[in-house]
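K.L.:
The lines below spell out each chain.
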Amino acid sequence: MNVQGTAAPEARRRRNTLGRVSPTRLLLLSVAAGSAVLSLLWTLLTGFVEPRAALSFGALIAAGELARITLPGRREVAPIASAGALGYTFLLSVGGAAVSLPAWQVIAVVALGLAVGELPHMSVGRMPLWNDLARRLLLVLMVALPFRLLLHQLPHVAGNWWVVLCVMVGLVLAAWLVDSVVAATIRAEEWRTRLGVALADELRAQFAVGTAIGAIGILIALASAVAGLYSLLLFTAPLLVTQVAFRRYADIRRTYVQTVRSLSRVTEVGGYVETGHSRRVSRLAWAIGCELAMRESRLLELEYAALMHDIGQLSLREPISSGATVLISRREQRRIAELGAAIIRETGVLDGVAEIVRRQCEPCEGEEGESEGPPPLGSRIIKVANAYDDLVGDTADHDRVATAVQLLRDDSGREYDADVVEAAVRVLERSGAVR
Amino acid sequence: MYIGLVVLAVVTAIAVGPYTGIDPVTLALLAVLFVVAESISTMVDSGKAGISPSSSASLAAVVLVGPVGAAVAGLASCLVIRRQSVVKRLFNGAQFALAGYAAGHAFLLAGGETGVPVRADFPWVVLPFAAATLVHTLANTVLVGGLMLILGVLRVESPRRVRWRPFARLELSSLGYGALGLCIATIWGAVGPFAVLLVLLPLFIARWTFNQYIAEQRAHDATLATLCQAVETKDYYTRGHCVRVSEAASMIGRELGLPAERAHTLRYAGMLHDVGKLGVPTKVLQKPGKLTEEEFAAIQLHPMRGYEIVREIGFLDEALDGIMHHHERMDGRGYPAGLSGTGIPEFARIIAVADAFDCMTSTRSYRNARSIGEAVAELRNCSGTQFDPAMVNALITAVDRDGWDPPVAVDPPDEDIAEVAQQDHDDPSAPLRITGGTVSDERSGDGRS
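As you go down the protein sequences, you meet chains A and B in turn. Here our numbering = 1-based position in the first sequence + 1. Here our numbering = 1-based position in the second sequence + 69.
In short, the hints are calculated from the structure, not lab data. Because the structure is a prediction, the values reported are computed rather than measured. Backbone N, C-alpha and C fix where the C-beta goes; we use that ideal spot for every residue, glycine too. Among these hints, one or two may not hold up.
[What the hints assert, rightly or not] Only part of the chain A face toward chain B is listed, based on derived beta-carbon distances under 7 Å:
1. Phe-208
2. Ile-217
3. Ala-228
4. Ala-238
5. Val-267
6. Ala-343
7. Ile-344
[As the list claims (entries may be wrong)] Which bits of chain A does chain B cover? Going by a derived footprint, with three or more residues having C-beta under 8 Å, they are:
8. 122–134
9. 162–175
10. 241–250
Produce the complete structure using the sequences and hints provided.
P.N.:
Right, here's the structure in full:
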C-alpha cells in the first residue's frame, strides 16, 4: 500500500506538470523586492516622519500578515494587513495634526510590517506564496505613489474630504484591477489556461475580499484624522469580523475538497478500482480542463466528478476485474454511471457533478437515438482521462503510453472528443509521459 | 398586550423627550439609513439572530442625536422593506426605539456628550460608549426575551442548565457591532452619511461570506452523509447506520457538555466510523456462522482502513482517533490496538456505545430489532468491561429524556438489490465467532500477537 506516500508525490507531480516559472512572476517578484529595498534605503537615509504612526501601522500590518488566510484556489490574502497598509497609505492627519508621509516611507513601513509578520511563519517552515506576498506590496506601491504625488501637486485638495474620498476610491479600484490582471497573467501562464478566463476567475474570487479591504482601509485613514491612532484599536472590530468570516469560508472549502478526495478512495480500498486511479484521473482531467480554458467553478465540478466517477461501482455485487471500466460492456458502463449519478444527486447540492458522472461513458456526439445531444464537456474529459488511466495505469512505460494515445486518437471523433484527446496529449507531452 | 405596553412606552418617551440640540437633517438621514441598513441586513441574512448591523446605526444615533433622536430613528425601522405583519413591525420598531432610548440615557449618564465627537473626546468617549452599547444589547435581550416568554417559545430553565457560552458570544458580537456605531459617529463629521456606507459595506461582505460559509458547510455535511450511506448500500440492513450512530454520538456529546467545535467533529467521527468496512471483502462480512482466523483478522482491520481513507481530511484530528479505536474495549480485549480504560480516546469510547446501541435497536437479517429497554440493559451489562460506564450513562440519560427513533423495521430486501449480512461485527449481544471459540476467548488465549 502506498497510501502513506501519495500526498507528496502528487504535489510534486502537479508542480512538474504545471509549475513553470512565468516571466510575469519573475517581473513581479523583482519589482516588489526592488521597491522594498529601495524604499528602505531611501527612508534610512532621509529618516522617518511620524515614528509613532509608522510603528502603530507597522504593528497592525505585521499582525495581519501573521493571520494570513489561503482562500479557495490557492489564493493567499491578508485582509488585516492589506487594509492597514491602505489606511497608512491614505493617512492625511493624525488627530487633526496634518502629516505628510513620503510615498517611499509608506512602502518601507509596509514592507517591514509584512516581513515581520511573515517571519514566524517562515521559522516554522510555512513559506508564503511569494507572488501573492509581492502583490500585497505592489498594491500599496500602486496606490501610494500616485496618491502622494497628487497631494504634493495639489496641496489645497487635502482639506476637501469629498474630493479626497473620490480620489481614494478611484485609486483603490484602479490598483485592484491592475492587481487582478497581474494575478491572472501569472495564473494563466502557470496553469496554461486562457488569460480572459483567468481574469474573470480572479475578479470573481477577489471581489468580496477586495471590497472589504478597500472600504476598511479608507475608513481607517478617515477615522485616524478625527480620533488619532486610537482608531486602530477601534477598527479591529470590523476587521476581525471580516477576517473570521473569510477564514471560516476558506476552511470549509478546503475541508470539502479533502472530504471528497478522501472518500473517493473507498472504491480503491474496496478493491473496485486500482489504487490511485481516482486521483490520477482527476489530476489528468483537471489539467485537460485548464488546457481547454474551463473556468474555476467548472474545474472544481470536474475534479469532484472525476474523483467520484467510479462511485457507482459500490452498488455492484462483485468488483470488476481490476476495475477497468473501459473493458466492460457499454450497457454495464451506463448502469454504473447512472448508479453513481444517483448517489451523488442524493446530496442535493452536487447536481452538476451528478450530470457529468451520469453521461461520462457516452460517445462524444451523444448516445445514438437519444435526443439529449452531446454530453457536457466535463463528461467528455472524464471519458478520455478514465480510458487513458485504465490503459496505462500508474506506470511511466513509454510504449504503453504511446499505445494508449494511439488508441485514443484512433477512436477520436466517434468515441472520444478530438479536442479533448489533443488537449490530453499536450498535457502528457508536457509532463514527459509522451516523447 | 405586552407589545402594546412597549409601543406605549416608546410613544411617551418620544412625545416627552426634549428635542433641543438635535440637528433635524442628521436625524432624518439617520432614520433613512437605519431603514436601509435593516432592510439590507435582512436581505443578506436569514434573520435568525437578534443582533444585526442596524444596531450600529442605532448606536451611532445615540452619539449623534441623543436618546430621543435614537428612539425616533429606531422607530423608523417599522418602515423596513420586507414582508412582515403590522404587529411584528410595530414591535421591532418599538424595541429598537426603546433600546436606543435607554442606551442614550446610559451614554449621557456615563458622561458622554451628544453630537459629533471631536478630537478632544478621544480616547475617553469610549467609556460612556461602552456603557451605551451594554445597555443597548441588554435592553434588546430583555425585550425580546420578554416577548418569547409570553409567547411561550422560551421556557425558564434553572441557571445551571442554561448554556452561557452562546450568550457570551452574542454579547461579544454585539459589542463589535457597537464599536462600529462609534466609527460611524466619528467620521460623520468628515463625510456625513457616507460614513455608514463605508462602515457597513465590509460588514455586509462579512455577513455574506459567513452565509456562504454556512451554505458550504451544509453542502459538505450533506455530501459526507451521502457518501457514507453509499458505502452502506452494500448491506441492506445497515442502511442509515452511520447517520444514526452520528446522532447517538452527538447525544452523548451533548450530555457530556462538549464544546461546539468538538461536538461537530464528533458528529463527523460517528458518520465516518465504518467507512473502512468497505475494505473488508463482502463475502467475509456476510458469511454466516463462524469465521476463520484470517477472516476475523480482515474484519479487525476495518478501523485501520477507515483511518487510512479519511486520514487526509484536515479538520478531523480527534475524530481520527475515534474512528481508529471504536472497537477497543475497556478491558483491553478489543481491536486494533488493545487499548484499555481511559487509554482509549474519548471519541472512540463514545462511538463504541453509540455504535452498539444503534446496532441492537435495528433489525438484522438474523434477528429482529430489540426494544430500547433491552438494548439499554445489554449496554449496562457490558458497561465497565466493554464500554465506558460514563458514556453508557450519558446515552441512557439522553435517550430517556429525548427519546430515540429506532429505524423502521425493514422488509426483507429483494435479492437483486442488495446483499444481506448474516452477522454484524458491531453487535455486542452476538459477538463474532471464529472457529474454536468466541472472539474474546481466542484473544485472551493467545495474547495479542
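K.L.:
Does each hint hold? Answer for all of them.
P.N.:
We went through each hint and held it up to the structure:
Of the supplied interface hints, the one on A/Phe-208 is violated, with its beta-carbon coming no nearer than about 9 Å to a beta-carbon of chain B, more than 7 Å. A least Cβ separation of about 5 Å between A/Ile-217 and chain B falls short of the 7 Å threshold, and the interface hint therefore holds. Taking 7 Å as the C-beta contact cut-off toward chain B, the hint placing A/Ala-228 at the interface holds, the least distance being around 5 Å. At a threshold of 7 Å, the smallest CB-CB gap from A/Ala-238 to chain B is about 4 Å, leaving the interface hint in force.
Taking 7 Å as the C-beta contact cut-off toward chain B, the hint placing A/Val-267 at the interface holds, the least distance being around 5 Å. Restraint check, A/Ala-343 versus chain B: the minimum CB separation of about 10 Å is more than 7 Å; hint violated. About 5 Å separates the beta-carbon of A/Ile-344 from the nearest beta-carbon of chain B, less than 7 Å, and the hint is met. Check result for the region 122–134 of chain A against chain B: violated, 0 residues qualifying (beta carbon to beta carbon below 8 Å, three or more required).
Check on the region 162–175 of chain A: 3 of its residues sit with their Cβ under 8 Å from a Cβ of chain B, so the three-residue criterion for coverage holds. For the region 241–250 of chain A, the proposed coverage by chain B is satisfied: 8 residues have a C-beta within less than 8 Å of a C-beta in that chain, meeting the threshold of three.
When held up to the earlier numbered hints, the structure conflicts with 1, 6 and 8 and fits the remainder.
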